[in-house]
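Chemist: Chains as they are written, first to last, in full-length UniProt numbering: chain S, 1 to 58; chain R, 1 to 189.
Hints may contain errors.
Stated by the list, open to error - Computed spacing ranges between beta-carbons, pair by pair:
1. R:145 x S:37: 21 to 29 angstroms
2. R:132 x S:22: 19 to 27 angstroms
3. S:4 x R:88: 27 to 35 angstroms
4. S:21 x R:129: 24 to 32 angstroms
5. S:54 x R:145: 30 to 38 angstroms
6. S:4 x R:129: 50 to 58 angstroms
7. R:39 x S:56: 48 to 56 angstroms
8. S:18 x R:186: 34 to 42 angstroms
Claimed, not checked - Example chain R residues on the side facing chain S (calculated, C-beta under 10 angstroms, incomplete):
9. 149
10. 159
11. 160
12. 163
Calculated directly from the structure, the hints in this document are not laboratory data.
Here a beta-carbon is modelled for each residue, glycine too, at the ideal position from N, C-alpha and C.
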Amino acid sequence: MQFGYVLIAILINLLVGYAIGRQIGLQEGYQRGLSFGPLKMREHTYLSGKCPICSKEN
Amino acid sequence: MFVADYNMIYQLVATFLTGIIIKLLDDYMDEELPSKLLSPETRNGILPYSLIIFSLAAALNLTYTVTLFSGAYVLGMFFHMQQKLPTGLTGLQESLIILFINLLIFPFAAVLTSLLVILFIQSIDDLLDRQWDKRMGHHNLANQFGMGEMIILSAILAVLLMMLDLKKFVFVNLCFFVINKMYKRFLLS
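So that you can see chain S by itself, here it is in the shape it has in the complex:
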């Protein structure tokens, strides 16, 4: 019985830590994606000669 309580306490700690870490990671990832997106699109335009959104030739 006591083993069960200890196991539940460990799992709750794991759950809280994982959930907080994932939320922080999602926010950081979104911010990095916002700054990475325009650079990646410009690279694609430069290499292919076409706009990645509307496929219009340069």
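For chain S, the structure is supplied; the task is to place chain R on it using the hints.
Modeler: Frame of chain S, contents of chain R only:
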């Protein structure tokens, strides 16, 4: 540990019959009843047969049947909290009323373990049906909170249920597994 008598068989059969009813209710609410049940011969029989099966399950073991079915209803309505239902109450209000009535009639431990086991089954089901529910736009705990969180929550519920009521946990999981297999084999093929 357990006294093996007819009581356990009645509990198992009651759990199995209640599981069938909950599965039917779930599919009816999601408008996903299989086409074999929606044919003109069988469509009108769904409600009467569901009530007969429910009454048989209740006759075998009243506590298991009513607490498990009420638990499924409470958790189902809980996720449609703000929606106005035909009674005029919101989902949350109906859930609380049903929960209160159950707590008045049945022991607290029975109601609690039934709620927890239904939540466990719901989380396992949502983990398995993540992609399907995302495509169909159904509410899914794994999509809302994340897969990792739901796996850890399922582990917590499993340990808690094994400590509180191992028999109910084993019976409900067994019935869930068998009902899913039978459903896919006989109704979806």
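Chemist: Each hint needs a verdict: does it hold in this structure or not?
Modeler: Verification of the supplied hints:
For the pair residue 145 (chain R) and residue 37 (chain S), the beta carbons lie near 27 angstroms from each other, so the given range of 21 to 29 angstroms is met. Taken as a hint, the range 19 to 27 angstroms holds for the pair residue 132 (chain R) and residue 22 (chain S), whose Cβ atoms sit roughly 23 angstroms apart. The beta-carbon spacing between residue 4 (chain S) and residue 88 (chain R), approximately 43 angstroms, falls outside the hinted interval of 27 to 35 angstroms. In this structure the supplied range 24 to 32 angstroms holds for residue 21 (chain S) paired with residue 129 (chain R), their Cβ-Cβ distance being about 26 angstroms.
At roughly 37 angstroms, the beta-carbon separation of residue 54 (chain S) and residue 145 (chain R) lies within the given 30 to 38 angstroms, and the hint holds. Judged by the Cβ atoms, the range 50 to 58 angstroms given for residue 4 (chain S) and residue 129 (chain R) is violated: they are separated by roughly 29 angstroms. For residue 39 (chain R) paired with residue 56 (chain S), a C-beta distance near 53 angstroms keeps the hint of 48 to 56 angstroms intact. At about 39 angstroms, the beta-carbon gap between residue 18 (chain S) and residue 186 (chain R) stays in the expected band of 34 to 42 angstroms.
Contact between residue 149 (chain R) and chain S, as hinted, is supported at the beta carbon level, the nearest pair being about 5 angstroms apart and thus within 10 angstroms. Nearest Cβ of chain S to the Cβ of residue 159 (chain R): about 5 angstroms, under the 10 angstroms cut. The hint holds. Here the hint on residue 160 (chain R) is kept, as its CB sits about 6 angstroms from the closest CB of chain S, short of 10 angstroms. Taking 10 angstroms as the C-beta cut-off, the interface hint given for residue 163 (chain R) holds, the closest approach to chain S being about 4 angstroms.
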